[in-house]
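Use the sequences and the hints to build the structure in full.
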Amino acid sequence: MSTLHVLSHSPFGDDRLSSCLRLLGSTDALLLSGDAVYALQPGSAPFFALHDKKIRLFVLLEDIQARAIEVPDWAEAIDYPAFVELSLHHDKVNSWL
1 MSTLHVLSHS PFGDDRLSSC LRLLGSTDAL LLSGDAVYAL QPGSAPFFAL
51 HDKKIRLFVL LEDIQARAIE VPDWAEAIDY PAFVELSLHH DKVNSWL
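Residue numbers (full-length UniProt numbering): 1 to 97.
No lab work stands behind these hints: they were computed from the structure.
What you are looking at is a predicted structure, and each value in this text was computed from that prediction instead of being measured.
Each residue gets a CB set at the ideal place from its N, CA and C atoms; glycine is no exception.
There may be inaccurate statements among the hints.
As the list claims (entries may be wrong) - So the derived label-pair ranges between C-beta atoms look like this: (1) 54 <-> 19: 14 to 20 Å; (2) 91 <-> 42: 29 to 35 Å; (3) 80 <-> 45: 27 to 33 Å; (4) 94 <-> 43: 26 to 32 Å; (5) 85 <-> 48: 28 to 34 Å; (6) 48 <-> 76: 15 to 21 Å; (7) 43 <-> 85: 29 to 35 Å; (8) 13 <-> 48: 16 to 22 Å.
Here it is in structure tokens:
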């Protein structure tokens, strides 16, 4: 059973990202949206945690562009229609509120 995990809060304000990373299964994926895209700031602890975990990582294109952050080659930027499609390919969606 695969889960799409959706994070929208800054990784610098609490420990949702690290909690999520501990729970990710081998068939799961993670989507960063809103301020969660700050996790992709090069050189930051969240950046290294995501890179080292080697997960299927997606980021909302609109949010990454709004914050002028580059998408690393190990992540995929998607738009809202692709987000909907991605959610349909997983058995459940878990939003980390």
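Verification of the supplied hints:
1. 54 <-> 19: 14 to 20 Å: 18 Å, holds
2. 91 <-> 42: 29 to 35 Å: 33 Å, holds
3. 80 <-> 45: 27 to 33 Å: 29 Å, holds
4. 94 <-> 43: 26 to 32 Å: 28 Å, holds
5. 85 <-> 48: 28 to 34 Å: 29 Å, holds
6. 48 <-> 76: 15 to 21 Å: With Cβ atoms ~19 Å apart, the hint holds.
7. 43 <-> 85: 29 to 35 Å: 32 Å, holds
8. 13 <-> 48: 16 to 22 Å: Hint holds: Cβ distance 18 Å, inside 16 to 22 Å.
The structure agrees with every numbered hint stated previously.
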